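Participant: Working from the sequences, and respecting the hints, build out all of it.
My numbering applies: residue 403 is where the sequence shown begins, and numbers increase by one.
Honestly, I wouldn't trust all of these hints.
Claimed, not checked - Now the in silico label distances, taken between C-beta atoms and shown as ranges: (1) D409 - P433: 27 to 33 Å; (2) G574 - L406: 31 to 37 Å; (3) I688 - D577: 33 to 39 Å; (4) D547 - M489: 16 to 22 Å.
If you are wondering where the hints come from, they were derived from the structure by calculation, not from laboratory data.
What you are looking at is a predicted structure, and each value in this text was computed from that prediction instead of being measured.
By construction, the Cβ of each residue, glycine as well, lies at the ideal position given by its N, Cα and C atoms.
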Amino acid sequence: MIDLLKDSSNKTGLAAIGIAPAIDEVIGQFPWAKSVVCAAISYLAPEVEADCGPISTGLVARFARSVDYHRVLRAKLQLVTDAVLRMHPDARTTVCVDTCPLPERKLAVLSGIARPGKNGNVFVDGYGSWVVLGEIVTDLPLRCDAQPQKSICGKCTICIDSCPANAIKQEGIIDRTRCISALTQSSGAIDEQHREMIGNRIYGCDTCQQVCPHNKGIQPTSPEFAVNTFPGKSPELIGLINLTRSDFNNIVAKSSIGWMRRTRIRRNAAIAAGNINCEAACPALIEMLADENAVLREAAQWAINKIRCGS
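Facilitator: Next comes the structure, spelled out in structure tokens:
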């Protein structure tokens, strides 16, 4: 079976594939499960330099700048599933790509395809931590010969020392009440004490990956993620602040950040505008003061006070 999986992995462009046992967390969701096929794909695309125009843009983490990785990885895992079912037509399978409460990183380590890092991410040989994970849960009792490896980090603490939010508390333990990536994805209002450290980030944060020595020299390998599509690296803040329901449905909803919904995106854009003193955003922020959503009204007022619009 492992030969079949590796052959399918090569044909579909996966970065790695392996087999993990159906641990308690998996059985809790899928009582029939016997094994988990774990896979990774690299989302790294060539870095795009920001325009040298007016400072009015946000910043999106690299995994979310192009096509929705959930769709890309799910399609590849479905091809692997089809290959398995041709050999075992009666097998039961379920593809999971960030859609089930599974411990993806733990499973990736158990399958032998990845090593854990102090920044809470996992590292795949040749691809660093610039990967996303997915699984095929199955009732097939697949053989798992992999030996889980220890942390890749050794004594290095560069990511811990470099985290702008001081959110990496100990090896692999992240304080999600401070983690910038988690904050940008959270619902409701973001505490004022945490807003300035977000900077101009709209979605996610790459700092702990950018500084990691094991990510140096990693080359982009997945053409799917080189497609120039919304949101890109540096979306215009004013457009996001003014984001209408129609534009959200037509442009944003199908993108990698569409799952956050319109309110969170507009909130983050308002905070980013305040943090970079984007005076051009003042008219949009003032208009946001009349929004029916209290979270948006408060974020707009905070940004206006930061920029000192009208003073």
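Participant: Now tell me if each hint is right for this structure.
Facilitator: Status of the hints after comparison with the structure:
no.: 1; hint: D409 - P433: 27 to 33 Å; verdict: 30 Å, holds
no.: 2; hint: G574 - L406: 31 to 37 Å; verdict: 32 Å, holds
no.: 3; hint: I688 - D577: 33 to 39 Å; verdict: 35 Å, holds
no.: 4; hint: D547 - M489: 16 to 22 Å; verdict: 19 Å, holds
Violated hints are absent here; each numbered hint is respected by the structure.
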